[in-house]
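J.: Sequence:
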Amino acid sequence: MDFKLTRLAPTPSGFLHLGNLYSFLVTKALSEQCDAKILLRIDDLDRERYRPEYVQDIFDTLDFMEIGFDLGPKNVKELEQEWSQIHRMDEYSKGSDTLKEKKLVFSCDCSRKKIQQMNPSGYYLGHCQTRNIPLERNGTCWRMDTFASEFIQVNTYTQGKKSHTLPEESAFFMVRKKDKLPAYQLTSVIDDVYYGVDLIVRGQDLLGSTLAQQFLAGELGLHKFRDATFHHHQLLKGEKNKKLSKSEGSTSIQFLRKEGKKIEDIYLILGEMLGEKEKITNFESFKKHLEL
0 MDFKLTRLAP TPSGFLHLGN LYSFLVTKAL SEQCDAKILL RIDDLDRERY
50 RPEYVQDIFD TLDFMEIGFD LGPKNVKELE QEWSQIHRMD EYSKGSDTLK
100 EKKLVFSCDC SRKKIQQMNP SGYYLGHCQT RNIPLERNGT CWRMDTFASE
150 FIQVNTYTQG KKSHTLPEES AFFMVRKKDK LPAYQLTSVI DDVYYGVDLI
200 VRGQDLLGST LAQQFLAGEL GLHKFRDATF HHHQLLKGEK NKKLSKSEGS
250 TSIQFLRKEG KKIEDIYLIL GEMLGEKEKI TNFESFKKHL EL
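Letter by letter, the sequence shown follows residues 0 to 291 of numbering that gives the first Met the number 0.
Since the hints were made in silico from the structure, they are not lab data. Incorrect hints may appear among the rest.
The list that follows gives simulated cross-link-like pairs (lysine-lysine, DSSO-like), each with its CA atoms no further than 27 Å apart [said to hold, decoys possible]:
no., residue 1, residue 2
1, K261, K278
2, K161, K179
3, K3, K93
4, K36, K286
5, K101, K177
6, K73, K261
7, K260, K286
8, K76, K36
9, K223, K99
10, K286, K3
11, K36, K161
12, K176, K102
13, K102, K113
Computed beta-carbon distance windows for the label pairs [as the list claims (entries may be wrong)]:
no., residue 1, residue 2, range
14, H163, G220, 16 to 26 Å
15, E290, K99, 41 to 51 Å
16, K93, D204, 26 to 36 Å
17, E271, G195, 30 to 40 Å
18, H126, G259, 47 to 57 Å
19, K278, I85, 42 to 52 Å
20, G217, T280, 38 to 48 Å
Beta carbons are placed, not taken as given, at the ideal position from N, Cα and C, and that holds for glycine.
Let the hints inform the model, and build the full structure from the sequences given.
T.: Given below as structure tokens:
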């Protein structure tokens, strides 16, 4: 397969952990296999959780693990001056305006607590879809009307074209938040199209996001995103088989570096977490583990 560009898309909301690193390494392996370039695309629009030290940690981790990239910022200053999502607000606004004009969004004032009360799973099931709340009312978000969504096809890296239905967890997803800033699903699609990304690597837990974004891209007429290829890799699990989190400092690369761990030690830890019988000590042995 021939691809032009893949990306690393971390969020500076905490220090990167081993799960983030695993995804980076899978992306690097696929980029080499396909001779694709790598874009560093930092999702920094959540300004409440944004911290310069979290951005610096991204650069430090990539440097420490010898993961190079071809496009994107090289430091915090370059991110803020040239590459930040703040500089693409006009692109996001065009997208949300198109959805508004096509009457594909509705206004929702539900809080997380209210959603939890209405549905113990925590999934939003369209409570405000028929309430006709004005779109510009303060304290409301915009949600995508996904009620009529049908089968969504995804080009996969290892299994060809796969067909899915939008899961409950991704139904009626947000495209604009209550603070009027664009939401993740919208910015992610527009950013990938903006830069020309055609190979997207993610964890299995983000399949629902991929389906939401494919649905959204279809409604926006962004065919390049619909034609992109996706690879959803396995997840690293921590204690008690739990998904790794940025709030658990013991799995952060920064913590391990401060403990004196070397790059070989990090690969060994990854191999153990993956349950590999043969030791993984470097990138070459990591690639053998992937068997792509």
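J.: Hints first: check each against the structure and report whether it holds.
T.: These are the hints, each one checked on the structure:
1. For the suggested pair K261 and K278, the alpha carbons sit about 15 Å apart, so the restraint of at most 27 Å is met.
2. At most 27 Å may separate the alpha-carbon atoms for a hinted pair to count; K161 and K179 exceed this at roughly 34 Å.
3. Taking the CA atoms of K3 and K93, the gap is near 26 Å; set against the 27 Å cutoff, the hint holds.
4. With a CA separation close to 17 Å, the supplied pair K36 and K286 stays within the 27 Å bound.
5. Under the criterion of a C-alpha separation no larger than 27 Å, the hint pairing K101 with K177 is consistent with the structure, at around 21 Å.
6. The hinted pair formed by K73 and K261 meets the criterion: a straight-line CA distance of about 23 Å does not exceed 27 Å.
7. Taking the CA atoms of K260 and K286, the gap is near 21 Å; set against the 27 Å cutoff, the hint holds.
8. A hinted pair counts as satisfied when its Cα atoms are at most 27 Å apart, and K76 with K36 qualifies at roughly 23 Å.
9. Between K223 and K99, the direct Cα distance comes to roughly 22 Å. Compliance with the 27 Å bound is thereby established for this hinted pair.
10. In summary, the hint linking K286 to K3 is supported, as the alpha carbons are separated by about 20 Å, within the 27 Å threshold.
11. Between K36 and K161, the direct Cα distance comes to roughly 25 Å. Compliance with the 27 Å bound is thereby established for this hinted pair.
12. Between K176 and K102, the direct Cα distance comes to roughly 17 Å. Compliance with the 27 Å bound is thereby established for this hinted pair.
13. This hinted pair checks out: K102 and K113 have alpha carbons roughly 25 Å apart, not beyond 27 Å.
14. Our hint of 16 to 26 Å for H163 and G220 holds, since their Cβ atoms are close to 21 Å apart.
15. For E290 paired with K99, a C-beta distance near 46 Å keeps the hint of 41 to 51 Å intact.
16. Range check, K93 to D204: Cβ separation about 30 Å, and the 26 to 36 Å hint holds.
17. In this structure the hint that E271 and G195 lie 30 to 40 Å apart at CB holds, the actual value being about 37 Å.
18. Judged by the Cβ atoms, the range 47 to 57 Å given for H126 and G259 holds: they are separated by roughly 52 Å.
19. The supplied range of 42 to 52 Å is met by K278 and I85, whose beta-carbon atoms lie about 44 Å from each other.
20. The hinted range of 38 to 48 Å is satisfied by G217 and T280, whose Cβ atoms lie roughly 44 Å apart.
Of the hints listed earlier, the one the structure fails to meet is number 2.
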